[in-house]
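A.B. asks: Residues per chain, in single letters:
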Amino acid sequence: MIEHKGWIPVTLSTALEPGTSAGTLVGGTELVVWRDTKGAAHVWEDRCPHRGMRMSFGFVRGDHIACLYHGWQYDTAGQCQYIPAHPTLDVPKTIKVPTYTAAEKGGIIWAALSAEAAEAAIPVEDGEVVPVRSIYIDRPFEAVLAALRNANIPAFTGDAAPRFETIADGIGIASTGDDRLLIACQPFNPTRTALHLVIQGSAETYGGAGQKHFARWAETFRLMLETVSTPVAEMA
Amino acid sequence: MMPAITLYNYDLDENSFRVRLMLAMLKPEHATIAIDMFPGQEQTRPTMLAINPQGTLPVLVDGDLTLAGAEAILAYLAKAYDPARTWLPEDAAGFGRVQGWLHFSATMLENAKQARLQALFDTPGDETALRAGARKAFRIMDDHMTARHFDGADWFVGDKPSLADLTLFPSFALSRDFGIDHDEFPALRLWIRKFRALPGFFTMPGIPDYH
Chain A
1 MIEHKGWIPV
11 TLSTALEPGT
21 SAGTLVGGTE
31 LVVWRDTKGA
41 AHVWEDRCPH
51 RGMRMSFGFV
61 RGDHIACLYH
71 GWQYDTAGQC
81 QYIPAHPTLD
91 VPKTIKVPTY
101 TAAEKGGIIW
111 AALSAEAAEA
121 AIPVEDGEVV
131 PVRSIYIDRP
141 FEAVLAALRN
151 ANIPAFTGDA
161 APRFETIADG
171 IGIASTGDDR
181 LLIACQPFNP
191 TRTALHLVIQ
201 GSAETYGGAG
211 QKHFARWAET
221 FRLMLETVST
231 PVAEMA
Chain B
1 MMPAITLYNY
11 DLDENSFRVR
21 LMLAMLKPEH
31 ATIAIDMFPG
41 QEQTRPTMLA
51 INPQGTLPVL
61 VDGDLTLAGA
71 EAILAYLAKA
81 YDPARTWLPE
91 DAAGFGRVQG
101 WLHFSATMLE
111 NAKQARLQAL
121 FDTPGDETAL
131 RAGARKAFRI
141 MDDHMTARHF
151 DGADWFVGDK
161 PSLADLTLFP
171 SFALSRDFGI
181 DHDEFPALRL
191 WIRKFRALPG
201 FFTMPGIPDY
211 H
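From first to last, the protein sequence lines stand for chains A and B.
With the first letter of the first sequence counted as 1, position 225 gets the number 225 in our numbering; the numbers rise by one all the way through.
With the first letter of the second sequence counted as 1, position 204 gets the number 204 in our numbering; the numbers rise by one all the way through.
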């Protein structure tokens, strides 16, 4: 299984509507992130035990997720409850999708991929947040982190100089002007990293123009990282 | 009597699907003639070349008018059969923006269309370059819809679905055919869900039908 000590961000909360699913990768391992119709988020291995189809291609019905291939339905514990081709079958308990601990905090859905990770608290403050975006960058995790520590993020409000404070491996707060931006990094695969950006502030201040301001910065940051020829860590 | 509109169509061709979707949403009476694009390449045979010398699909015939090119056909159908004028906006800026995405569909998204044909039918082309080009196009679309969502907008242009949404939808919805998942495009995932809920929407092979 995947070796990760801490909580891994996998998507912005607002990007996953109730009754939908999305695929993602952590360290190259496929995960499905899905939200049942009551609103609870789940993170599982993205593989139907039947034929190996990605569960993220499937569909959510109430508190079950069904595989696109043959409609096998799993409950929120990952246990298969219904096989359409054998409607009267009492489904064996061995037909189960491996599940991980999922939690939502600070505008992000997080996954704990080990028991050790699940015991720790998610190192993010509660409070009002405004989502910006997730952005996928074709650079390794360490290269993105190195660039973030030196990123010159323009402020939306105020004029204090930008700085980046690491609060956990891959998670940091970028302060710039009067703005505070939570940046949570997801090691997607060995060559690609996802950044999940959330403004810690009010919708009144940041809704619309503020969101666009930081989304545009993220897109510029991606372009800069992907077009440099020398490793960013060495440029700093 | 045959309806005035005839669509020459291949079910697995995404450009034909664009026109089928538009016809399903605008509901003019029409007939569809199946053309064997793969493996027959029937659209390049003399009978079809007499109708469309470009040798492409789809082809739409409406009375005396014969049109090739999905984007041209979509624009014509919107002008002719959408009295509400929402699919092709009348205002200059909206019209220009929609034309911009139609152009994008015919140029940037060509990579996605070719990558898919290669995956399904082994057509020639540089696989790596086609897929990279497709991913680049989807990023442009995802960045655009990210910004649109900040404005509370659900569609590529204006406050209603337009030809921009219709022409962009199939390439993204079919991207798994050529190995590009939807994982990296959260704004597009939200958008295709909205699009799928439109009246008249239906799927083609390769686009999941959630029944």
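Certain hints may be false.
So the derived list for chain A, only partly shown, Cβ under 7 Å to chain B, looks like this [claimed, not checked]:
| id | residue |
| --- | --- |
| 1 | L68 |
| 2 | G71 |
| 3 | Q211 |
| 4 | H213 |
List of simulated lysine-lysine pairs, BS3-like, C-alpha gap at most 30 Å [claimed, not checked]:
| id | chain 1 | residue 1 | chain 2 | residue 2 |
| --- | --- | --- | --- | --- |
| 5 | B | K160 | B | K79 |
| 6 | B | K194 | A | K105 |
| 7 | A | K38 | B | K160 |
| 8 | B | K160 | B | K194 |
| 9 | B | K194 | A | K38 |
| 10 | B | K136 | B | K160 |
| 11 | A | K212 | B | K136 |
| 12 | A | K105 | A | K212 |
| 13 | B | K160 | A | K212 |
| 14 | B | K194 | A | K212 |
Residues from chain B that keep clear of chain A, each with C-beta distances beyond 12 Å, as calculated [what the hints assert, rightly or not]:
| id | residue |
| --- | --- |
| 15 | L12 |
| 16 | G63 |
| 17 | F104 |
Just so you know, these hints were derived from the structure itself, not from any lab.
Glycine residues also receive a C-beta, built at the ideal position from the N, C-alpha and C atoms.
A.B. asks: Confirm or reject each hint.
C.D. replies: Here is what the structure says about each hint:
1. L68: 6 Å, holds
2. G71: Not OK, violated: A:G71 not within 7 Å of chain B, min 9 Å.
3. Q211: A:Q211 check passes; min Cβ-Cβ to chain B is 4 Å, inside 7 Å.
4. H213: This hint is violated: A:H213 lies away from chain B, its Cβ roughly 10 Å from the closest one there, beyond 7 Å.
5. B:K160 <-> B:K79: 16 Å, holds
6. B:K194 <-> A:K105: 26 Å, holds
7. A:K38 <-> B:K160: 29 Å, holds
8. B:K160 <-> B:K194: 11 Å, holds
9. B:K194 <-> A:K38: 20 Å, holds
10. B:K136 <-> B:K160: OK: B:K136 and B:K160 at ~26 Å, within 30 Å.
11. A:K212 <-> B:K136: Distance ~20 Å between A:K212 and B:K136 Cα, so the pair holds.
12. A:K105 <-> A:K212: Cα-Cα ~22 Å, so holds.
13. B:K160 <-> A:K212: Distance of about 22 Å is within 30 Å: holds.
14. B:K194 <-> A:K212: 22 Å, holds
15. L12: Non-interface label stands for B:L12: nearest chain A Cβ at 19 Å, farther than 12 Å.
16. G63: Per Cβ check, B:G63 is outside 12 Å of chain A; nearest 42 Å; holds.
17. F104: 17 Å, holds
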